[in-house]
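Please build the complex by placing chain S on the supplied structure of chain B, with the hints as guidance.
Each protein sequence line maps, in turn, to chains B and S. Going by my numbering, the residue at position 134 of the first sequence is 134; the numbering climbs one at a time, nothing skipped. Going by my numbering, the residue at position 46 of the second sequence is 46; the numbering climbs one at a time, nothing skipped.
Derived from the structure by calculation, the hints contain no laboratory data. Hints should not be assumed to be uniformly reliable.
To be verified - With the C-beta cut set under 7 Å, the calculated list includes, among others, these residues of chain S facing chain B:
1) Met1
2) His2
3) Glu4
4) Asp15
5) Ser37
6) Asp39
7) Ala45
8) Tyr49
Small disclaimer: the values here were computed from a predicted structure and weren't measured. The beta carbon of each residue, even a glycine, is placed where N, CA and C say it ideally should be.
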Amino acid sequence: MSMTPEKDFGTPASPSTQMVNLEIDGFQVIAPAGTSVMRAAASIGIDIPKLCATDSIEPFGSCRLCVVEIKGGRGMPASCTTPIAEGMVVTTQNKKLADVRRGVMELYISDHPLDCLTCAANGDCELQDMAGAVGLREVRYNPAGENHLRAVKDESNPYFTFDPSKCIVCSRCVRACEETQGTFALTIDGRGFDSKVSPSQNQPFMDSECVSCGACVQACPTATLMEKSVIDHGVPEHAIVTTCAYCGVGCSFRAEMKGSQVIRMVPHKDGKANHGHSCVKGRFAFGYATHKDRITKPMIRKSIKDHWQEVSWEEAINYAASELKRIQAEHGKDAIGGITSSRCTNEETYLVQKLIRAGFGNNNVDTCARVCHSPTGYGLKQTFGESSGTQNFDSVMKADVIMVIGANPTDGHPVFGSLMKKRLRQGAKLIVVDPREIDLVRNSPHVKADYHLKLRPSTNVAIINAIAHVVVTENFVDEEFVKFRCDVGSFNKWRNFIADTRHAPEATESITGVPAADIRAAARLYAGAKNGAIYYGLGVTEHSQGSTMVIGIANLAMATGNLGREGVGVNPLRGQNNVQGSCDMGSFPHEYPGYRHVSDKATRELFEKDWGVKLQPEPGLRIPNMFDAASDGSFLGLYVEGEDIAQSDPDIQHVHHALRSMECVIVQDLFLNETAKFAHVFLPGSSFLEKNGTFTNAERRISPVRKVMPPLAGHEDWEITQMLSNALGYPMNYSHPSEIMDEIARLTPTFTGVSFEKIDQLGSIQWPCNEHAPQGTPTMHEETFMRDNGKGLFMLTEFVPTHEKVTQKFPLILTTGRILSQYNVGAQTRRTENNVWHAEDLLEIHPHDAEDRGINDRDWIGIKSRAGETVLRAKISERVQPGVVYTTFHFPESGANVITTDNSDWATNCPEYKVTAVQVAKVSHTSEWQQNYHAFSERQMELLAKE
Amino acid sequence: MHIEKLVSMANDIADFFNAESDKEIAAEGVKKHIQRSWDPRMRKAIVKYYQDSGEGLSPLAADAVKKLMEMG
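Here chain S stands alone, though its shape is the one from the complex:
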């Protein structure tokens, strides 16, 4: 998958949930959205990218991907 596009998609999702002032809730929202709407190969790719560098992911998106990673 094109990782630049996945990063951009994750950031866009994070932009929506960023309105939530409690960042833990926001990150959970982003994670849940990715989990429920992304095909596993896309999730795997973004997690791997986060593990490699995560460059370009917004802080909230990065937090959410970290949560995804921790889920296994």
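Next comes chain B alone, as it looks inside the complex:
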């Protein structure tokens, strides 16, 4: 809870295992070879003064404050750039060194405002600390001399200011932008006295390439780069480590507080997913938690045409329970269900599925992973035996060839994207498989894809088969790996299948649009690598063959032996913060926690015994099945926690019809989101800052979520679920989420070693964590796969064209994706300053297609599919290929899902968001759906207002 700053060792740790002995100020020190003298000293508590050094970036040796003397050596070397050596004898303090340091500091301070008492960094300023450390008592230089004190402050960024009058030109910000973030937006402009930090070409921050990750602010030792929240509210007084609630990277943050007010979110250096880095969302976009739109009182209404009535918690819960009971009494126990979300903690998700299975008495539970990574769960379970990625994020630093398929890490998973870029700058090769030119292809400094396989949307399986065909027919198969680690019978069958000439790159070229030579070259590059790693995203899963593609990726990795060690693997980049966790927790209708099928008698009996209730052996309804059943009149009650199905799900008019058809929709959320506009009960939920629990990120890392402020509506979400369960007559009596985790551990073989106590002790844990792996499992399948026989299974992956055909009427393919500054349905980020970067969804269209239709940049254009029509502004872009248009889906009024269809993955019903045949044309007004949406939405806001 204290505000103890994180220890800064000055330079990064050395990965060497060879140890070196030396003496510093008379003390014996042992440190890994390659460690700097500065870091070695810091490791025994000797803090050598420094300004330009910090341990998140490589040493620079510029400030000369960290000079030391080395016995037998010449001069006074900078300790940050001097590596330790065996037998070295170092002196860090003597009069000569002190004089030099005071002289250096005197020069710095001679050109620095002496406004410490009113400075925003007062008490949190390394320059101030160093002035004290070196004993600076006077500045002899004439203050009227030439200086930078009148330099103009740049306040263009919504979250931080840049005050060059306070800059000491240590270059920490420049280096952080390069090394940590990999954006290279900053530089030092000018020479000598004229040297200054310059965003891009001496532009304001907002006009530069800056992505507002905050790395520069974090690195700045003065008040030059400073959070506006600190300027407004002062330096925080305590900090609590918690986990970000945005993407699947799951960054660890210190919530730095004043009382119960979050002053800033600072990336936690010890966070194993992010190592002290952040993106604009996690670092700055937390204001939604206290936004005026938050609803903090429970509400009920009979009909969605009625005004909302604020009621007590007891009344709201009792009303919800009575309605659910009434529906079950009238229409059967299977007439209700629930949806949990990847925005919920593990404990909350576990409790929702328990409520539904044990309290509702059916298996009609699903989660938003249905619409994103359910094919990952299916495909990897079938082939590897476990529904998860195989590596930790750090593994990428040992990859020699990286294949990114249908993912956009720099936008969707920015902190991992930065790590990947670091590895690429070190020389790893890159293959991008994507219909669109993502930043990694050629728009990231010093990063360029070796191959961009710019395929036609919906042809993923044809591509992966073609790559595998090259592997098999050009003798790239890792025969040893296959022989000892895989099911050889399935491999032989697959080998015959994939070797057929119909899978050859030359045969699939007409399907994919990718030149055969490029596919062959990319396949050789991946298969020939010492370590080849595959990273993929929703561009793989959100297809009618999403599961087939995941299986195809798994086949390829097994065939080439790229599994079971660092630097390789199959790595799904999960969308939301807790996609992995929500799936792990048994929120699919056919699986208990730990991915065990509900029909499995032994597992079912385990839960029946623990929960004290008989459970159903049949799978329940998936989300799209719930909508169909609602439209048919056999599904009438729904409890939705944390998911906005009325915006996020495909063919939204069908979803809205289903919601209107239900008799009781209970929404538990922060805001009156799109789904809540169709609801009869609103239960105000809590943000990630208001509750305890855990999130599990894309690398299976279970990280702590800790309450830093009281829930605005009075209850953490798990408590609300518990109240509903008790009102329904199924008792729950947890007093803390740690008890829920204890139950999960008790009932789930891959979690038996997990507890809040151990998470606090280790910081985070990668499951499986059990008697075989008490500290967790960074790399999966090292010795055997998790299937019953321990062998990886090859499966046949025939390419099957999508039903969504391009025709004369619908000649273009619409595909969708994300942008850095907004997050999914935007409920959180739209309520922050992030809107300055992305205030509306646009339709990217290739210049040729635009010209054919007389469309100019920023024109309003109608987009029509077989499902519906909406209107967006045009963005002419060569990032998309001719015949393909692209949009994001962060604003409800955009109606992106009015256009998407109900086509879905064959195995999991994950929607085919990435492929919709459309026509576009210039228009002058919004679509009929948008007009209806606007009217409905306005009316719902009126009904929210007190009568």
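Below, chain S without anything else, positioned relative to chain B:
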């Protein structure tokens, strides 16, 4: 349930298992997938549809639904 959608879903599942040259194994795969992932009301609806006409079901999907029916 919308039977057209269930037919389409069954056919999509069959399309995947169709890669298997042994059609008995393929039909068993389709059946097992439906059995393990479809809610009973959906299974009941597709079986009834198969009994009524089965029109639109691909041969492999039809074989799988027949197996479902025989399971009872």
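Evaluated hints:
A distance limit of 7 Å between C-beta atoms decides the matter here; for Met1/S the minimum to chain B is near 6 Å, and the interface restraint holds. A cut of 7 Å between beta carbons decides the hint on His2/S: the least distance to chain B is about 5 Å, and the hint holds. The interface hint given for Glu4/S is broken, as the beta carbon of that residue sits about 11 Å from the closest beta carbon of chain B, more than 7 Å. At its closest, the beta carbon of Asp15/S sits 5 Å from a beta carbon of chain B; the interface hint therefore holds under the 7 Å criterion.
At its closest, the beta carbon of Ser37/S sits 6 Å from a beta carbon of chain B; the interface hint therefore holds under the 7 Å criterion. Annotation: Asp39/S was flagged as interfacial toward chain B, and the flag holds, the nearest CB pair being 5 Å apart, inside 7 Å. Violation of the interface hint for Ala45/S is found here, the shortest Cβ-Cβ separation to chain B being roughly 10 Å, above the 7 Å cut-off. Hint status for Tyr49/S: violated, given a least beta-carbon distance of 14 Å to chain B, over 7 Å.
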